[in-house]
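Trainee: For reference, the chains in residue letters:
Number of protein chains: 2
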Amino acid sequence: MNFPVVGVVGGGQLARMTHEAGIPLGIQFRLLSDTAQDSAAQVVSQVTVGDYRDLATLRRFAAGCDVVTFDHEHVPTEHLRALQADGVVVRPGPDALVHAQDKAVMRAKLDEIGVPSPRHRIVSDPADVAAFAAEHPSGSGWPVVLKTVRGGYDGKGVWVVHDQQEAEAPFRAGVPVLAEEKVDFVRELAANVVRSPHGQAVAYPVVESIQVDGVCNEVIAPAPGLTDELAGQAQRTALTIAKELQVTGHLAVELFQTTDGRILVNELAMRPHNSGHWTQDGAITSQFANHLRAVLDLPLGDPRPRARWTVMANVLGGDYPDMYQGYLHCMARDPALRIHMYGKDVKPGRKVGHVTTYGDDLDEVRARARHAADYLRGTISE
Amino acid sequence: MNFPVVGVVGGGQLARMTHEAGIPLGIQFRLLSDTAQDSAAQVVSQVTVGDYRDLATLRRFAAGCDVVTFDHEHVPTEHLRALQADGVVVRPGPDALVHAQDKAVMRAKLDEIGVPSPRHRIVSDPADVAAFAAEHPSGSGWPVVLKTVRGGYDGKGVWVVHDQQEAEAPFRAGVPVLAEEKVDFVRELAANVVRSPHGQAVAYPVVESIQVDGVCNEVIAPAPGLTDELAGQAQRTALTIAKELQVTGHLAVELFQTTDGRILVNELAMRPHNSGHWTQDGAITSQFANHLRAVLDLPLGDPRPRARWTVMANVLGGDYPDMYQGYLHCMARDPALRIHMYGKDVKPGRKVGHVTTYGDDLDEVRARARHAADYLRGTISE
Chain G
1 MNFPVVGVVG GGQLARMTHE AGIPLGIQFR LLSDTAQDSA AQVVSQVTVG
51 DYRDLATLRR FAAGCDVVTF DHEHVPTEHL RALQADGVVV RPGPDALVHA
101 QDKAVMRAKL DEIGVPSPRH RIVSDPADVA AFAAEHPSGS GWPVVLKTVR
151 GGYDGKGVWV VHDQQEAEAP FRAGVPVLAE EKVDFVRELA ANVVRSPHGQ
201 AVAYPVVESI QVDGVCNEVI APAPGLTDEL AGQAQRTALT IAKELQVTGH
251 LAVELFQTTD GRILVNELAM RPHNSGHWTQ DGAITSQFAN HLRAVLDLPL
301 GDPRPRARWT VMANVLGGDY PDMYQGYLHC MARDPALRIH MYGKDVKPGR
351 KVGHVTTYGD DLDEVRARAR HAADYLRGTI SE
Chain Y
1 MNFPVVGVVG GGQLARMTHE AGIPLGIQFR LLSDTAQDSA AQVVSQVTVG
51 DYRDLATLRR FAAGCDVVTF DHEHVPTEHL RALQADGVVV RPGPDALVHA
101 QDKAVMRAKL DEIGVPSPRH RIVSDPADVA AFAAEHPSGS GWPVVLKTVR
151 GGYDGKGVWV VHDQQEAEAP FRAGVPVLAE EKVDFVRELA ANVVRSPHGQ
201 AVAYPVVESI QVDGVCNEVI APAPGLTDEL AGQAQRTALT IAKELQVTGH
251 LAVELFQTTD GRILVNELAM RPHNSGHWTQ DGAITSQFAN HLRAVLDLPL
301 GDPRPRARWT VMANVLGGDY PDMYQGYLHC MARDPALRIH MYGKDVKPGR
351 KVGHVTTYGD DLDEVRARAR HAADYLRGTI SE
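Sequence lines, in order, name chains G and Y. Residue numbers for the first sequence follow this note's numbering, so the first one is 1 and each next one is one higher. Residue numbers for the second sequence follow this note's numbering, so the first one is 1 and each next one is one higher.
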C-alpha cells in the first residue's frame, strides 16, 4: 500500500464530505476532531480527539500524515508555521491561509495585487467609524459594515451600523475592527477555484449565492444571466488570488455584483465551501475530490457542470428535530433529489444538511430544491 | 438524532462503497468485518471485528442495528433465521437470500416461477454428468458446466468439463454439484433491480458484462444494440424474480443472451454487484444508495442514466503493487476519469478497484476506461 495519508484538522461537515470524496481515491484519511461525535468523526475510521489550538496535539496528529489540510480556518497561524518547520506538509500553507484568517491581511493583500474590494480600512473606535463614513465620496457613507478581523463566519463577527452610537458594540471585545462600505449590490456571487502545488488550477462555473440573515441559503450554478464578461472576470479574479497568495487546495471567493456592474471581493475561504456543494452532484469533479487532488499534488479533475442547472439549498435546523421522518415525503415526491445530511443535532438556524437538484428548467429545479429544504426543516408540511 | 443504524456484514469493497453512499443519508453505519484491515473497515467509524459464521458474534453485532444487510452472501442461512427469530430486521431475509446462496434452490425456484434458465439438474457422479450430457436434445451435450451449489463466485467453484473423466474434479469436495448446459451465448447481460419491503421496485438499464476468465472485466451501460424487446424482457425477468423471491435491496440478475435470441438466467446476487458499479457515476441514483434506501424501506431513487453511455472497467491486480503512482498519468490524461480504489493489497487477478467513464461516443468512452484500467494494472505503460 503506497497510498498517502491525508490528515484533516476539524470534524465538521466539510471534513465529512471530504472523507466521502476520498474513499474512492483509496487514500488513508485521518481526522483531528474536537469530539468523537462531530459530523466527520461519525463516519471516519481513524479519528484523534483533541484540541487544534494545542500545538503538541497538532504535532502528534501530523506525525505520519503525508499532508495536513483543514475543515476550517481556525488553526493558529503560528502553529501552522511550527508544523512546517517540523517538516509537515501543510496545504494550504500558513502564508496563504492567513489571508482567510485575518480580514485586515486579506484586504491589504488584495489592494496590493490590484483586486477590487469594497472601500475599507481598520478603525480604532466609534468616532473613527464616523470618520470612515464621512470619507465616502458622497459624503455620507452610512451604514458601515464592521467586522472583527479574525474569527467571524456565517454572519458572526459582522455588524451593519447606521450611526456612531451603533458602532460601539464591535469594539467591546477589544479586537481589531475592519470597516467596509456597505456595497450596493445586485446579488452575491462566488467563484470557486482549485490550485495545486505544481501550479495547475481549475475554475468552476461562477455561482449565485443567496444569503438569508448572513447565512448561505441557496446556490444556483451557474449564476443566472451573468454575462460572459463578468463571469470571466470573476474567474480570473479568483485564479489571480489563488496564484498570488500561493493557495493550494480549494479557494472560494465570495463576491458582490454591484449595481454599477462591478465585481468586488467580499470574503475568501481556503477549503471546500458551501458555495461549492452543488459540485457533488452537478460537476464532473466535486470540490471535495479536487481539494484532495490538489493537496496531494495530483492532476486536477474536470470542473465543468454535468447539468444545465444545479441548485443547492441548505437545510437549516428548524422547529422539530426529526429530519429523517421527512425523507419519506421528499424521496417519494422527487426520486432525483440528492440529500446530504451531516449527522448534526438540530438547532434552530444551524446548517445540518443540504439538498441538490439539477435539470434543464431553472424554475423547476429551484422549486424542487426549495421544497425539499423547507420540508426537511419543517417550514412547510405541504 | 433519529437516524437509523444500518449494520453491514462483511468488510469488502461493496460495504466500503455502501458506506460512501450512506454518508450523505446521515445514517449510522456499523460494520462486521473479518479484520480491521478489510476494505470497508479502513473507512468506517464503527467496526466490529469478528467471524460472521459465529452466531453469537452476529447476535452481538445485530443488537442495536435497525436493519442488518450484507456485503456478501456467505452468512449461513440458519444464522439469519436465528437473527430473525430474535427480532432482528434482516434484509434481504434468509428466505430470499438462500436463492443467492444455493444454486440448486435458485434453479428450482426459477423453474417454479417460469423464468428460463439453462438446462440443468443436480448430478451425483461423473457417470451422471455423462448421462446429463446425453440428455441434450442434440444427443451430445458436452461440454457441461459443473458448479458447486454453494460458495462459488468469480469463476471459483465452476468447471467446464468436456468428458466424463474431466467431470471427476468437482465431486472431490463431497458437496452437491449442479450440472448446466454450456449455453451458446452472444454475450452476457445483467439486469439490476432494487426492491423495497413495501413493494416498490426500480430497474436500472440492462448492461453488457464482459467477462475474462470468469471475472467481470468491463460493463457497458446500456448494453449496446440490445433491442427494446429483449431489454424489457430482461428487466421484467429481474423484477419478477425480485417480487417472487421477496427480495429486499439490490438484486443483480446475470443473464445469457443466446445465439437464438433468448434471455436465460445465469446467476443471482442479492447485494450491490459489480455489474452495477457504473451507477455510481452514470445513474441518477447509485445501486449503493438505492440498496440502502431499500433496506431502510425508504422511497427508491431514480435509476435512470445520466449519460448516453457509461463504461466501467475493473482494475485487477497486476505485476506491480504501486497503483497510486499511476494516478498521475491517468488523471492528467483524462480529467473526467472516475477512479474507485478499494484499499486492497494488490495480488495478481484480484479486483482492487474500478474506473468509470461516460460520454456520447461509446468507442471513445470504452477506450478511456480500458486505457485507465490497463495503465493502473501495469498492462500498458503508454
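Please note that a few of the clues may not be correct.
One copy or two, either will do: identical chains are not told apart, so a pair holds if it fits within one copy or between any two.
Taking lysine to any residue and the SDA-like style, the derived pairs with C-alpha atoms no more than 25 Å apart in a straight line are [claimed, not checked]: (1) Lys347 - Phe3; (2) Lys351 - Phe3; (3) Lys351 - Ser45; (4) Lys109 - Gly225; (5) Lys347 - Ala56; (6) Lys182 - Asp111; (7) Lys156 - Val212; (8) Lys243 - Leu55; (9) Lys243 - Gly174; (10) Lys182 - Gly50; (11) Lys347 - Phe171; (12) Lys156 - Gly359; (13) Lys351 - His136; (14) Lys156 - Glu78; (15) Lys347 - Gly93; (16) Lys243 - Asp54; (17) Lys182 - Glu382; (18) Lys243 - Ser45; (19) Lys243 - Pro335; (20) Lys351 - Pro197; (21) Lys156 - Arg30; (22) Lys351 - Glu229.
Honestly, the hints are just simulated from the structure, not real lab data.
Trainee: Run the structure past the numbered hints and jot down the numbers of the failing ones, going up.
Mentor: Going through the list in order, the structure violates hints 4, 5, 8, 9, 10, 11, 12, 13, 15, 16, 17, 18, 20, 21 and 22 and respects the others.
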